[in-house]
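From first to last, the protein sequence lines stand for chains A and B.
Each residue of the first sequence is one higher than the last, beginning at 1 in the numbering used here.
Each residue of the second sequence is one higher than the last, beginning at 1 in the numbering used here.
Certain hints may be false.
[Claimed, not checked] Here are a few chain B residues that sit away from chain A, every Cβ distance over 10 Å (derived from the structure):
| id | residue |
| --- | --- |
| 1 | Phe-4 |
| 2 | Arg-100 |
| 3 | Ala-138 |
| 4 | Leu-274 |
| 5 | Asn-313 |
| 6 | Arg-360 |
| 7 | Asn-450 |
| 8 | Glu-492 |
| 9 | His-534 |
| 10 | Gly-563 |
[What the hints assert, rightly or not] Going by beta-carbon spacing under 8 Å, a handful of chain A positions derived as facing chain B:
| id | residue |
| --- | --- |
| 11 | Ile-5 |
| 12 | Gln-109 |
| 13 | Leu-136 |
| 14 | Gly-137 |
| 15 | Asp-176 |
| 16 | Leu-180 |
| 17 | Phe-229 |
| 18 | Leu-261 |
| 19 | Ser-264 |
| 20 | Trp-265 |
| 21 | Asn-267 |
| 22 | Gly-272 |
| 23 | Leu-278 |
| 24 | Pro-282 |
Hints in this document: simulated from the structure, not taken from any laboratory.
A virtual CB, placed ideally from N, CA and C, is assigned to each residue, including glycine.
The primary structure of each chain is shown beneath.
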Amino acid sequence: MFDGIVGHVIAETLVLGTLYAVVGVGFVILFRSTGIVNFAQGTFMVLGAYVFYTLYVEAHQGFLVSLVVALVAITLLGAVVNTLLFRRLIGADLFIVVVATMGLSLTLQTVALIIWGPDVRVLPHILPSETVVQPLGIPFNRLDLLTIAAGVVLVGTLILVLRRSRLGLAMRAVADSTLLAALQRVNVPFYSGLAWAISGLCSALAGVALAMRTAVDPTNISSLGLLIFPVVIIGGVDSIGGALVGGLIVAVIQELTNLYLGGSWVNPIAYGLLLLMLLVKPRGLFGSQEIVRV
Amino acid sequence: MVVFGWVLFAATTVWLFAENSTFHLYVAGLTIIYAISALGLDWVQGRAGQVSIGSAGFMAVGAYVTALSARQGLPPLLCLAFACIGGAVVGLIVGLPALRLRHLYLALATLALNFIVNASSVELETATKQNAGFTMVAPTVGPWTLTYGRSYFIALVVVLALVIVLSRRLYRRAPGRAWLAIKENQMAASVMGINPTRWKLSAFIGSSAVISLSGGLLAYYTLVVSSETYTLSFAITFVVMVIIGGVGSTGGVIVGALIVTASPYVLSALTASLPFSSWMTTNVYYINSGLYGIVVLLFLLYQPLGIGGGIENLRTSVIRRLEGRTAATAPAAVGPVSVTERAPAAEVSPPGEEPVLRARDLRVVYRSGAVAVDGIDLEVRQRQVVALLGRNGAGKTSTLRSLSGFFVSEAVRVTGSVQFGGREIRSMSPVATSKLGLVMVPEREKVFPNLTVIEHLRMVRATKDSIDEVMDLFPPLRLRATSPGGLLSGGERQMLALGVAFCMRPSLLLIDELSLGLAPGAIERLAAAVRDYHERTGVPVLLVEQNIGAALELADYTYIIEGGKIERKGPSDEMSREALIASSLGA
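Chain A with its partners taken away, still in its complex shape:
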């Protein structure tokens, strides 16, 4: 049904959409729990890819070991930056905290440059790249399927935990009102740390997946990481469902732009849409009203 180039584009869109949705969900969880707009997610993605590369290629570890260690490492990094930095900035103006995420991002980039240097690293083909299934003629290879499956499992687990568990209940309480949660004996700093850790986990997964598709290219991966802003603004910054839809929309835009206009137009069109959304419907497709207005 979808043969040739169209099928490939659809497959690529679904994979990218999943990855954007994963990072978007991490963004939304952190935003709702702490109010922080995190500019360091792209750098988390890059670091995840680097750690994976180092383990898999340089330390000759297995695929699963490398992946798990990379995810755990960046998850912990998220928790650590919260403890070292953002816990100490509680009570500061939110914009100041956002600038701190920029400073963090720059600092981590510098550390990565010192450790890994500026060169682009190419990962070997870990999975054979031939098409394994072709529903409706859309060709998926093993990496595509694995990426989508990992994304769905991660997002599904997060949603389930948030909806069903006590942990999730407390996280939602903190997201609703930090002070009230504190009054009701919820250990707010712990949940902020957890939100940072989740943000790290989601970014790392997307970073490794992108690196496996393209290369460990810090510039490229962190600029893809910045596309998270159109994703969450289109979906609504405080809506997990919105992040899923927004992720898919941005992936569609990216693929169509690539196809018809060329890659250099992806950012301006995605950000143009962000600007338009801010003008027309600032809370996004699924965001709540109270969060936006002055």
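Got chain A sorted already, so can you dock chain B onto it with the hints?
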């Protein structure tokens, strides 16, 4: 201060001019150009209270307009004027969504501007086959051709001085006051007849014009305009300059620009001369690329008000000390208030067992210097219901909040002693005090808007039985068990908040404005529930109220607070209506 700043500025200028070192003059020129851009950003951020990370975009607009105008053979001053106009127009376009949006959304709108301008400039360069960027010719103004070194440096000094003088003049007059009013409290400003839309937009447009001017100056300085210059990282450097300089401080922002611009050069020079620094020399380039990120983190952690704010604080505290008012030094903006332990007053308490809660000489001072609570003593004994009455702004809520530790993470100074169950709890956070059994029902935001009624009760680990008990106590809640808190009525919210508090098994219950905004019937029902709960469990209660009738009915003992001081206290039945009227409350 201002005079000192100008003297420093003039002395530095004379020194650099006399020294005539090409390198120093180059860095100084760059610093001035960046300082102009940062001052433009501070106009929006420090004066009008808006935020922007779009400086690179605006500077690119200025630079490209200058380059394109210069190619038409227009004189440099006209090109720069066009740059300002171009920046103002783009500022208007980006500012429009800003008017309706909160802070961070505005930041994202300006972020979008960066990307759009950058992509457009790449397209422009491709279309005009100038892939390495537009080259420029050194500008000629009157008889002078301005190039690196003394000539351009002096021209920049003049422009910077003009920007400083004009902007300070503007800030001191009506526009400055309007921006300040909007920054401090937009609602209040619009009530005063200040049109926030107009003033925010005007700040945005003006600031964009200044930032674009700096872009034009940069184009003439480096003699090349390339899309590779105006990246997101470049935009962030200006935010960093303003923050480390101190938002709203002209001198600070200039020093911030100096630090960010010069520190990579300083670091390179320092490490080059170190004897054993092979690691450093290989990595200094990388470190320099992210140096401003590291610098801003250090500032945010250790000097959050920036250089300007730090100097201001120092000055205030020196002045205060000179005036002998050491008690009210300005606290830091971030971080817990200082813990100066203080022995409880040696006053003998009335006979009976130890009170559950005893506050001694409690003072709450806001960052503005306003004293909300001015040394009050307060006690709650076992099995007692105590009411704290007072008018709006008398200090009731501040008292309650200081007891439960609300102010620990805020820029509010709390002194004195608060003993609870024999422990000093004054510097404890709300989590810590609530774990000790001090449970507070806040005045506003007393329920979670997105959690259902049942989820509220599960949050505090209520058992099935106690959930049932709450539902029996407040039948309306049973009907709304699965409604989110945000959809409850005012009365239902108060019921839920009380139910949650009861389930937390408090050893002292603090209730802020039980009756606020509720109909008389609802107040009676809630008061009855509190009385019933108190009689059943014996848990002591501290109520804060404006509604005297409701409070006197419930309370055994009453304090009346006025202007942050306890004006009158005594058993509730002895608080005659005359006494209340005399205490300016009864009206």
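*Broken hints, by number*: Checked against the structure, the hints that fail are numbers 2, 7, 11, 13, 14 and 18, while the rest are satisfied.
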